[in-house]
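One letter stands for each residue in the lines below.
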Amino acid sequence: MKALGKTLLGRDPFEEIVIGNTALVRAMVESNVRVATTYPGSPTPEIASAILSIPAAERPFYFEYSTNEKVATEVAFGASINGHLSCVFFKSVGLNVAADSFVQLGLMELPGGMIIVLGDDPGANSSQNEQDNRHYTRLSCIPAFEPADPREAYEMFLEGASLSVLRKMPVIIRLTTHVCHAKQKVSFGGWDPVHPDRTPRFDPDKGPYVPIAGDALALKRRSLARLEEIRTYSENSPFNVLTDNGNRDKGVITAGLPFLSLMDVLEEAHERPDILKLGMIHPIPRSLIRHFLETHREVKVLEELDDVLEKEIKALAYDSRQDTVIHGKKELEDWVGEYTPDKVARVLNNTWPGLVDMLEAPERSPLAPRPPQMCPGCGHRSAFHAIRQALKAEDITVADIGCHTLGYLPPYRMGQVLLSMGHSTGTGSGLSLFNDERKVVAFIGDSTLFHAGLPGIVNAVFNRHNLTLVVMENGTTAMTGHQDHPGSGANANGPVEALSIEALLEGLGVKSIRRVDTYSQTKLLQAVREALEEEGLSVVIASHPCMLKFTREQRRKEGYSQRKVRIDQDKCIRVMECISEFACPSFQRDRDGNIFVHPELCIGDASCIQTCPTHAIVLDTEKKDSWEGEGS
Amino acid sequence: MRRFDIYLTGVGGQGIGLLSEVIIRAGDHAGLPVSGVDTHGLAQRGGMVVSHVRFGALRTTPLVRLGSADLVIALEISEAMRALHSHARPGGTLVFYDTAWQTLSARLGKESSPSREDLEEACRKKQVRPIGIRKEDLQDHRMQNMVLLGRITRDELIPGIGKEHYEKAMDDLMAGSMLEANLKVFREMLEGS
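Protein chains in written order, with numbering that gives the first Met the number 0: chain A, 0 to 631; chain B, 0 to 192.
Source of the hints: derived by calculation from the structure; they are not laboratory data. A quick note: this is a predicted structure, and the numbers were derived from the prediction, not measured. Quick reminder that beta carbons are idealized off the backbone N, C-alpha and C, glycines included. Possibly wrong hints are sitting among the right ones.
[To be verified] Below, a sample of chain B positions facing chain A; criterion: calculated Cβ distance under 10 Å:
| no. | residue |
| --- | --- |
| 1 | D27 |
| 2 | A82 |
| 3 | K125 |
[To be verified] Listed next, the stretches of chain A that the computed footprint assigns to chain B, with coverage defined by at least 3 CB atoms under 8 Å from CB atoms of chain B:
| no. | segment |
| --- | --- |
| 4 | 339-351 |
| 5 | 380-390 |
| 6 | 399-411 |
| 7 | 576-583 |
| 8 | 593-607 |
Excised from the complex, chain A in its bound form:
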């Protein structure tokens, strides 16, 4: 919406239709958060977009894109022990990066309070796995709320923030993808800005803050005791909601978005079980659950991903010698994917056959899936097209995380293995051992290089590994929505000096560094060929600005006119290089097999022209936005 930033700073209560991520930002404002940090990752980047909709000078709190999730956590922690309420947010797998510091937080006294917002991704919509971060809440002794929709996300953040400040301990708000992105009207409260206390209040005597030797155990005892106190709070939380359908036979215990799927499915059910929806997923309200078990003959634990609640509830029933039948997960598929209404209907019927009518399974679409792909004009496409020619079929390419990961798809097939952010140099180094036959090329994006790529590079220099690293530089964090990074010349608060990747690599001891614009495919091919012949770690910086970002910026300029390319049908002999090798989505074919350039897709970048052996791709000098040829 227009003027989102202004809306988010309103003093009076208001209602607005927002996504969960935006609702959280109003909660930050109302809670008087002082410091917020993140590294971008789906499903949480729109939290940052909402923050950035407030001009830097008017932002009531400090915000930064940190270099990675661990640093973001540490910055938020440092602010909190200095007395400022802080908030760090990131995606599911970001917690693995942050974990080394994150697991210590539960041990610490945090005078300012600290909220950790986790964006889990059931269904792995934009992640490399669908890990269930509820495990980490147990591992770290940190209490956690789980909202089902934007309204609850807002309310639970407010509640979590006041709990965190009161108890001087961290609190987690665990979201999932379709809570982050769900849209609904939320009633927000008023906001009384407080005059910020700028006194640095860090007091080492409030610790200990150095958990070594005996202190680590003392801190663990305090942390466990604190969590037990929170359990009493959890028992009485207004976010635990009992839906009494008068059913003493069947009950369901659930939390978060699966609750809403359940409500949807039960509308047309033959029998409606009672429902206990938990507001806090750690620590769970034991007395409340025990009572629910006592008053129902059978209870289904309905939870997405892992059997975290199920195990705890079963143990609880065992300890209290209850003979309620507890239904947990039944089959492998119950562990997999998002609990959409259709999935919940299946899961319920597997537990209680015939409880709900199953909708007729839709026919399978006759069409091939449409996975994401590199945009028209993407510099990575030019890079892959050139680099592929420098490699033999048996050579090994290692992908990393970012837009360039899409190079693994046909027809490029560049990047054959992927673990995590920044893994590529390390994995590539391992692949180079006992290997004199197959060249190893690792890829990494520029944002990822700063995020977690540096230790692998230092290791390759230090241990003299033999591989070529291609830095796929586009000047931004493109995949998650063009956030700035240390090499882009600006941070979330304004312009800063861009960190030079060459200088950085030189400082790390890399001896062989080449830089080529990826649109210069012949030069890039040559550079990669040379690099591959060298011993040790060689780096090629394959650079071109993100064309999606560039084109959007150009379109906003006065008098901008869109160039296009077209196929000269007299010269085209259907070699199909543009379609089957270069594969820019702008090249399409009509019913007769003629290639045409789709005017809605072509951005006129002309990076394709050099790839046509018969020079049939030409810049269209006539300005028109109509079909060159058409399939339908």
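We have chain A; now place chain B onto it with these hints.
Chain B in isolation, oriented as in the chain A frame:
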């Protein structure tokens, strides 16, 4: 009010997010309870993008169930075909913009994009009413979403929401020359026959 579920689909970059947001806000202006959810993230890079909008649902999931959408809105013809199979309900309506952004399989010649006739035939088999649109004089293809919205408004495809609600929603979301251009296309479609 009675439930009304809408499933929107297209390809990343076609402007589904804006169209969905206009419909949600228009519904709100018309006093309808509404919720929704969009695809974000990686899929937006040229992949299949969907948005769910549900009117009349209060405390339920924003996700439209398979085979139960009263209205499917598709910005691209292959995605229209896909959504017809996955989400349209018999007796529902499928409104689509008649443009094709071929999938890689189609570009490589491994399958052909469905034609408008293929889609209409498939709709008849599923007892779904097809409405195909193509505005020949459209200057900027990024406003195909507004062409669809104009037609939805003219044919009153979403019960309870009228022209003034849609225009107010557009005004919530856009400003300046962008608003003017979008309103112009929208209004032209209202007058069309």
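Against the structure, the hints come out as follows:
1. A cut of 10 Å between beta carbons decides the hint on D27/B: the least distance to chain A is about 6 Å, and the hint holds.
2. For A82/B, the interface hint holds, the least distance from its beta-carbon to any beta-carbon of chain A being 8 Å, beneath 10 Å.
3. Satisfaction of the interface hint for K125/B is found here, the shortest Cβ-Cβ separation to chain A being roughly 8 Å, below the 10 Å cut-off.
4. Counting residues of the segment 339-351 of chain A whose C-beta sits closer than 8 Å to any C-beta of chain B gives 3, which meets the bar of three, so the coverage hint holds.
5. Check result for the segment 380-390 of chain A against chain B: violated, 0 residues qualifying (beta carbon to beta carbon below 8 Å, three or more required).
6. Chain B is given as covering the segment 399-411 of chain A, and this holds because 5 residues of the stretch bring a CB closer than 8 Å to a CB of that chain, at least three being needed.
7. Requiring three or more residues with a Cβ within less than 8 Å of a Cβ of chain B, the coverage given for the segment 576-583 of chain A holds, as 3 such residues are present.
8. With a threshold of 8 Å between beta carbons, the proposed coverage of the segment 593-607 of chain A by chain B holds, since 4 of its residues qualify and at least three are required.
Hint compliance for this structure: hint 5 alone is broken.
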